[in-house]
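Asks: The residues making up each chain are set out below.
Protein chains: 2
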Amino acid sequence: MNDLKAFIQDNKDRLLQELFELIRIPSISSKEAHKDDMYEAAAWIKTRLLEKGAEKAEVLDTDGHPVVYGEKTIDPSLPTVLVYGHYDVQPVEPLNLWKSPPFEPEIRDGKIYARGADDDKGQMYMHFAAFEYLVKTAQLPCNVKFMIEGEEEIGSPSLGKFMEQNREKLAADVILVSDTSMLGPDDPSITTGLRGLSYVEVHVTGPNRDLHSGLFGGAVANPINVLCQMIGSLTDDKGRITVEGFYDDVEVLSKEERAEMARAPFDEEAYKKALDIAEVHGEAGYSTLERTGIRPTLDVNGIWGGHTDPGAKTVLPSEAHAKISMRLVPHQDSNKITEVFKKHFLAIAPPYVKVDVEFLHGGEGYVSPTNTVEYQAASKAYEITFGKKPIPVRSGGSIPIISLFEKILGIKAILMGFGLESDAIHSPNENYPLVQFFKGIETIPHFYKNYVEMKK
Amino acid sequence: MNDLKAFIQDNKDRLLQELFELIRIPSISSKEAHKDDMYEAAAWIKTRLLEKGAEKAEVLDTDGHPVVYGEKTIDPSLPTVLVYGHYDVQPVEPLNLWKSPPFEPEIRDGKIYARGADDDKGQMYMHFAAFEYLVKTAQLPCNVKFMIEGEEEIGSPSLGKFMEQNREKLAADVILVSDTSMLGPDDPSITTGLRGLSYVEVHVTGPNRDLHSGLFGGAVANPINVLCQMIGSLTDDKGRITVEGFYDDVEVLSKEERAEMARAPFDEEAYKKALDIAEVHGEAGYSTLERTGIRPTLDVNGIWGGHTDPGAKTVLPSEAHAKISMRLVPHQDSNKITEVFKKHFLAIAPPYVKVDVEFLHGGEGYVSPTNTVEYQAASKAYEITFGKKPIPVRSGGSIPIISLFEKILGIKAILMGFGLESDAIHSPNENYPLVQFFKGIETIPHFYKNYVEMKK
Numbered sequence: 001m002n003d004l005k006a007f008i009q010d011n012k013d014r015l016l017q018e019l020f021e022l023i024r025i026p027s028i029s030s031k032e033a034h035k036d037d038m039y040e041a042a043a044w045i046k047t048r049l050l051e052k053g054a055e056k057a058e059v060l061d062t063d064g065h066p067v068v069y070g071e072k073t074i075d076p077s078l079p080t081v082l083v084y085g086h087y088d089v090q091p092v093e094p095l096n097l098w099k100s101p102p103f104e105p106e107i108r109d110g111k112i113y114a115r116g117a118d119d120d121k122g123q124m125y126m127h128f129a130a131f132e133y134l135v136k137t138a139q140l141p142c143n144v145k146f147m148i149e150g151e152e153e154i155g156s157p158s159l160g161k162f163m164e165q166n167r168e169k170l171a172a173d174v175i176l177v178s179d180t181s182m183l184g185p186d187d188p189s190i191t192t193g194l195r196g197l198s199y200v201e202v203h204v205t206g207p208n209r210d211l212h213s214g215l216f217g218g219a220v221a222n223p224i225n226v227l228c229q230m231i232g233s234l235t236d237d238k239g240r241i242t243v244e245g246f247y248d249d250v251e252v253l254s255k256e257e258r259a260e261m262a263r264a265p266f267d268e269e270a271y272k273k274a275l276d277i278a279e280v281h282g283e284a285g286y287s288t289l290e291r292t293g294i295r296p297t298l299d300v301n302g303i304w305g306g307h308t309d310p311g312a313k314t315v316l317p318s319e320a321h322a323k324i325s326m327r328l329v330p331h332q333d334s335n336k337i338t339e340v341f342k343k344h345f346l347a348i349a350p351p352y353v354k355v356d357v358e359f360l361h362g363g364e365g366y367v368s369p370t371n372t373v374e375y376q377a378a379s380k381a382y383e384i385t386f387g388k389k390p391i392p393v394r395s396g397g398s399i400p401i402i403s404l405f406e407k408i409l410g411i412k413a414i415l416m417g418f419g420l421e422s423d424a425i426h427s428p429n430e431n432y433p434l435v436q437f438f439k440g441i442e443t444i445p446h447f448y449k450n451y452v453e454m455k456k
Numbered sequence: 001m002n003d004l005k006a007f008i009q010d011n012k013d014r015l016l017q018e019l020f021e022l023i024r025i026p027s028i029s030s031k032e033a034h035k036d037d038m039y040e041a042a043a044w045i046k047t048r049l050l051e052k053g054a055e056k057a058e059v060l061d062t063d064g065h066p067v068v069y070g071e072k073t074i075d076p077s078l079p080t081v082l083v084y085g086h087y088d089v090q091p092v093e094p095l096n097l098w099k100s101p102p103f104e105p106e107i108r109d110g111k112i113y114a115r116g117a118d119d120d121k122g123q124m125y126m127h128f129a130a131f132e133y134l135v136k137t138a139q140l141p142c143n144v145k146f147m148i149e150g151e152e153e154i155g156s157p158s159l160g161k162f163m164e165q166n167r168e169k170l171a172a173d174v175i176l177v178s179d180t181s182m183l184g185p186d187d188p189s190i191t192t193g194l195r196g197l198s199y200v201e202v203h204v205t206g207p208n209r210d211l212h213s214g215l216f217g218g219a220v221a222n223p224i225n226v227l228c229q230m231i232g233s234l235t236d237d238k239g240r241i242t243v244e245g246f247y248d249d250v251e252v253l254s255k256e257e258r259a260e261m262a263r264a265p266f267d268e269e270a271y272k273k274a275l276d277i278a279e280v281h282g283e284a285g286y287s288t289l290e291r292t293g294i295r296p297t298l299d300v301n302g303i304w305g306g307h308t309d310p311g312a313k314t315v316l317p318s319e320a321h322a323k324i325s326m327r328l329v330p331h332q333d334s335n336k337i338t339e340v341f342k343k344h345f346l347a348i349a350p351p352y353v354k355v356d357v358e359f360l361h362g363g364e365g366y367v368s369p370t371n372t373v374e375y376q377a378a379s380k381a382y383e384i385t386f387g388k389k390p391i392p393v394r395s396g397g398s399i400p401i402i403s404l405f406e407k408i409l410g411i412k413a414i415l416m417g418f419g420l421e422s423d424a425i426h427s428p429n430e431n432y433p434l435v436q437f438f439k440g441i442e443t444i445p446h447f448y449k450n451y452v453e454m455k456k
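So the protein lines, in turn, are chains A and B.
Per our numbering, the first sequence starts with residue 1, numbered consecutively.
Per our numbering, the second sequence starts with residue 1, numbered consecutively.
Mixed in with the good hints, there may be bad ones.
[To be verified] Each computed PhoX-like pair below joins lysine-lysine, with the alpha-carbon atoms no more than 20 Å apart:
| # | chain 1 | residue 1 | chain 2 | residue 2 |
| --- | --- | --- | --- | --- |
| 1 | A | Lys354 | B | Lys272 |
| 2 | B | Lys354 | B | Lys412 |
| 3 | B | Lys99 | A | Lys273 |
| 4 | A | Lys272 | B | Lys273 |
| 5 | A | Lys342 | A | Lys354 |
| 6 | A | Lys354 | A | Lys412 |
| 7 | A | Lys354 | B | Lys136 |
| 8 | B | Lys56 | B | Lys5 |
| 9 | A | Lys380 | A | Lys456 |
| 10 | A | Lys380 | A | Lys273 |
| 11 | A | Lys169 | A | Lys56 |
| 12 | B | Lys161 | B | Lys407 |
Hints are computed from structural coordinates only; laboratory data are not their basis.
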């Protein structure tokens, strides 16, 4: 693959312009108003797949946003790699914090700034470029399939059924995903674990209308005060989650495993400085990497109630609401956790308010061993381009679909992520360093080569 | 005053149409966008005062919204009544809960539905009608002044200075205010106490940007979780406020005083039913009327942070905010309480977030004795029109300006309110029963007559 670097060098600008075209489509999966954008993005991806060498590509309807499928079969007796990615992105609010508009990609300081620059349009498009290279130079060593979905950011609600209905079409030996991060630009790593997720919305209702807080305050329970007390009680002073049964199935790591984890490079002072916080905070007895890697969490993702406009309004509101998500670790079952949360939250509801728990979405976690062909093939690929053996890392994030791949299709996934922690995914000013984008394109073809050779 | 009822009967429709004109001006004092409406309302009031018999009326600038002043002097040796009211109204959100648009008054089931129908445009306008009657029929027994302000709903921030600068102009023997409620349509009452107020906004800041709750959750403190825990800790399981020093100056009522209070008619079952709550809730050891009448409170009036749009966004937000107000009872000093709250809230702030407390507004409570000429004159007036002696009642609401009248002008106020608890002031579908509006117009002239006679 001597011509790989030259290919990237010669096609740099064009590949970026292509990616920018995709980024400009505001494919926010959680918003009804962007429904047409989802179809536009899917159609765009189909066209690119055909252009880059797929023999077949199609936009397939699901119960939600469409999936783009593509394939190139060179020899049915060779292994098949199924590339997974997603073309949908997170919402962009608060808009005023973006330095440049989220859907107008801009390069500043060697980084692409835009929603989806990393997650996942940028990372996904590295695979399109790598595929183009392998096809054009006749070096594709195996069969390739693509499954690019549009609902990852809302928990992939339709993909399970889609995969069940398309088992044969999606048959493959390994699923290749770039939707995770590396430890640092010079510290390649491969994600070997992901957390599961249970995401709910809770509603507390007090009186049947907004009341005057002077005339009723003190005598009628205030739903915001109550919600705060209920949420406040979900964590104890050791940072442990008080939901009954929450920790029942949590995987307990051995001393040795924790010691191995502790070897990952991590600069807590730099971490605090980058976030501008005086102290990290979490469950007592665990390090920061353990808190995000092997321990479950409970975060309020949003809260609202009463008068939130400027100025003083003396209202005792009728309702208060919050979105609460729990990140889960291996062996915790997402459905079971949603149930124990619901049971607990209703049990602690005082009699003077009405409380409701609504399930929004969930998914299982994932752990991958490091002694597999795919892991070794990926590890060697990183070593070639980065000059360092990557470290296996358990990420705090969730890609619920990864565990579904195994469950429904029976295929293991390998997570070759090239993002960085500083990419601000899900935040204003999401970005993706050009160097990561091009290093990704350079690394992926080596994975194909290594994988097919090691499989023999 | 045999012609009083006839006057009301003959002018019913015209008086309502006049009030509706005023209601249609959306004079929301807390919103910058309504600044011009404040001037329009003030000018409208000035015109009406002149029309109804004031010799002089003027719109006077303040540091905020203007005050309308008017007067009619018949004999400097006679007593002077200063009528206070306010032409500003509360915001109208949530708009979707209004059955008819808030600034398009509509009569349904014998009630005027509109923002300001009761508070305070409707109640204030009863005084204009009564003044018109007394002047037209040459029965005005004393001098009258009017001070109608435009900032009551935001805590009257400019009125203190205005009164200091206009002491002579405002000189009077009593201040007459209709901005409170009666116990029920057949249970006249006079408000003899008001609660003070301290209203703050609190801000909790965690990381310097919104983070991905999967990648950082569990290791970086979530400002919403922290805010909920802080707010949750402000009240204990007995419903007592935990802010250190909060109860230091609270007036303690004697057994006898509490027994007297307990005689006020109150149907707790009907109260719960009207609000659709299963249980009332407040400080242990006190009745509902005591909780709103003689005990201080702490209510969260608004809270917001993170993702509040529909759907699931896995964000660990950078900030969380809440508006918190405390209702204060006699002897509690508003400034002191704001200080102890601030001190306490900052003291309980954990080191992994930044916390800020911003003062929004405040004011002192008020207690009026019942053995004064003005109270007795008012009591007798109600007795004439309602056929029942009114009950002295301590209200849970706050009209901070009432205590300022006494402090700056040295004048006692008498609170002749005709509102009902069901008027939904500060809420969607604010309303004012026509019967209360016309009974008020009928009662006020009797107060003038009684007051001047008793003063002799």
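Asks: Confirm or reject each hint.
Replies: Hint check results:
This hinted pair checks out: A/Lys354 and B/Lys272 have alpha carbons roughly 14 Å apart, not beyond 20 Å. Distance hint between B/Lys354 and B/Lys412 is unfulfilled; the C-alpha atoms sit about 44 Å from each other, more than 20 Å. Our distance criterion of 20 Å between C-alpha atoms is broken by B/Lys99 and A/Lys273, whose separation comes to about 52 Å. For the hint pairing A/Lys272 with B/Lys273, the CA-to-CA distance comes to about 52 Å; that exceeds 20 Å, so the pair is violated.
A C-alpha spacing of about 14 Å is found between A/Lys342 and A/Lys354, which places the hinted pair at or below 20 Å, so the restraint holds. Straight-line distance between C-alpha atoms of A/Lys354 and A/Lys412 comes to about 44 Å, which puts the hinted pair past the 20 Å bound. Between the alpha carbons of A/Lys354 and B/Lys136 the distance comes to roughly 55 Å, so the proposed pair goes past 20 Å and is violated. Taken as a hint, the B/Lys56 and B/Lys5 pair is broken in the structure, with Cα atoms around 28 Å apart against an allowance of 20 Å.
The hinted pair formed by A/Lys380 and A/Lys456 meets the criterion: a straight-line CA distance of about 16 Å does not exceed 20 Å. With a CA separation close to 33 Å, the supplied pair A/Lys380 and A/Lys273 exceeds the 20 Å bound. Simply put, A/Lys169 and A/Lys56 have alpha-carbon atoms about 12 Å apart, close enough for the 20 Å limit, and the pair holds. Between B/Lys161 and B/Lys407 the CA atoms are separated by roughly 12 Å; this keeps the pair inside 20 Å, and the hint holds.
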